[in-house]
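Engineer: Here's the letter readout for the chains.
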Amino acid sequence: MILRGLVDSGDLEQVIATVPFFTWMGLEIDRARPSLTTHLPFRERHVGNEMIGALHGGIVAAFLEATATIALVADGKLERVPKPINLTVDYLRSAKTESLYGEATIAKLGRRVASLRATCWQEDRNAPVADAICHFLVGG
Amino acid sequence: MSSSAMFFDAIKQLFLTKLPLSRELDVQVEELNEARALVRMPYDAQFAGDPDSGALHGSFIAALLDTTLGMAVLARLNQERAIATVDLRIDYLNPSQRDHDLLIESECYRLTKNLAFGRGRAYHDTPTREIASAASTFIIGAPQSSQINLKKPVVP
Numbered sequence: 001m002i003l004r005g006l007v008d009s010g011d012l013e014q015v016i017a018t019v020p021f022f023t024w025m026g027l028e029i030d031r032a033r034p035s036l037t038t039h040l041p042f043r044e045r046h047v048g049n050e051m052i053g054a055l056h057g058g059i060v061a062a063f064l065e066a067t068a069t070i071a072l073v074a075d076g077k078l079e080r081v082p083k084p085i086n087l088t089v090d091y092l093r094s095a096k097t098e099s100l101y102g103e104a105t106i107a108k109l110g111r112r113v114a115s116l117r118a119t120c121w122q123e124d125r126n127a128p129v130a131d132a133i134c135h136f137l138v139g140g
Numbered sequence: 141m142s143s144s145a146m147f148f149d150a151i152k153q154l155f156l157t158k159l160p161l162s163r164e165l166d167v168q169v170e171e172l173n174e175a176r177a178l179v180r181m182p183y184d185a186q187f188a189g190d191p192d193s194g195a196l197h198g199s200f201i202a203a204l205l206d207t208t209l210g211m212a213v214l215a216r217l218n219q220e221r222a223i224a225t226v227d228l229r230i231d232y233l234n235p236s237q238r239d240h241d242l243l244i245e246s247e248c249y250r251l252t253k254n255l256a257f258g259r260g261r262a263y264h265d266t267p268t269r270e271i272a273s274a275a276s277t278f279i280i281g282a283p284q285s286s287q288i289n290l291k292k293p294v295v296p
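For the record, the sequence lines run as chains A and B.
Just so we're aligned, residue 1 is where the first sequence starts under my numbering, counting upward by one.
Just so we're aligned, residue 141 is where the second sequence starts under my numbering, counting upward by one.
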C-alpha cells in the first residue's frame, strides 16, 4: 500500500527510501545529469571479492534491476506496482570498487508486460560494465 | 581431511570471510561439494523489497544466487582457478515470505576447458516451490590467476 501511493506520485527518492533493499544498497538518483540516471556510490558492502577488488556481480545485477524499476516508475504510466518477472545480465567488464551509474530505456510497455534495457558504467559512459534485459508484470 | 574436502573448506572460508555481503548476512553454508552448494539465510527485513509484505527484494535473491553459483563452479573445478560471470538469468517464480529462512541451492552441471554452466534455485522449505531460479555461464581463468591459495589457508 505504501509503495502503491509512491508509484502514483512518481517521487523517485521516496520510492527508494521505502524499499529496504534499495536503502541497504545506497541507491540514488543522479540529478546532475540531463537524462534519468541512477547512481550507486561505492560502499564496502558492494565488494565481491576483497582479494581482486571488484564489485559483486550480484550487486551489479541488483543495481541494473533497480535502474529499470526506477525508469518504469518515472515513466508515470503504471497501473500497479511493477512486479519483476525475470532479469538477464550480460557481464561485459569487471567492475572496479568505484561508483556505478545506470540508465534504462523502456523497449515496450504493454498492457501486462513491460520490457526494459538497462546499462551501467563507471568512469566511461562508453565502456559499460554490464547490460540487462528486465521484464515486469505491469497489469492484468 | 582429503584434498577435496580441504579445497571445499577453503572456498567456504573465502565465501564467509572475504565477501562483505556474506559477512553482513547471518549466512550458513549447509553443503558444499562438487555436486552442489547449499546456503541458508535467516530472514532479514533490511533486504525486503516490499515493506508491506516483507518479501525479500528479487534482486537481492539474484545476488545470493550469483554468489552460490560461483561457489558451485569453484567446487566442481576442484582446483585453483579464477572465474568470471559471463551472464546470469533469473526467473522470479513466487514471492518470498517474511520470517522464513531462504535456502539457495546451486550446481555446476557442465564444465569444459573454458566454460562452466550453472543452475540454481531459491526456496523456503519446499524445494519444488521455487521463489527464483537461475542459470548462468562462467568463463574459467588461467590457473595462474588463482584467488584461492591452498598452501596459505584463508584465515577468518
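Hints listed in this document are in silico derivations from the structure and should not be mistaken for laboratory results.
Heads up, some of the hints might be wrong.
Below, in silico cross-link-like pairs of lysine-lysine (DSSO-like), each with a Cα-Cα straight-line distance of 30 Å or less [what the hints assert, rightly or not]:
{"no.": "1", "chain 1": "B", "residue 1": "152", "chain 2": "B", "residue 2": "253"}
{"no.": "2", "chain 1": "A", "residue 1": "77", "chain 2": "B", "residue 2": "158"}
{"no.": "3", "chain 1": "A", "residue 1": "108", "chain 2": "B", "residue 2": "158"}
{"no.": "4", "chain 1": "A", "residue 1": "96", "chain 2": "B", "residue 2": "253"}
{"no.": "5", "chain 1": "A", "residue 1": "83", "chain 2": "A", "residue 2": "108"}
Engineer: For every hint, state whether the structure bears it out.
Structural biologist: Hint-by-hint comparison with the structure:
no.: 1; hint: 152/B / 253/B; verdict: holds, 24 Å
no.: 2; hint: 77/A / 158/B; verdict: violated, 43 Å
no.: 3; hint: 108/A / 158/B; verdict: violated, 41 Å
no.: 4; hint: 96/A / 253/B; verdict: holds, 27 Å
no.: 5; hint: 83/A / 108/A; verdict: holds, 15 Å
Hint violations for this structure: numbers 2 and 3, all remaining hints satisfied.
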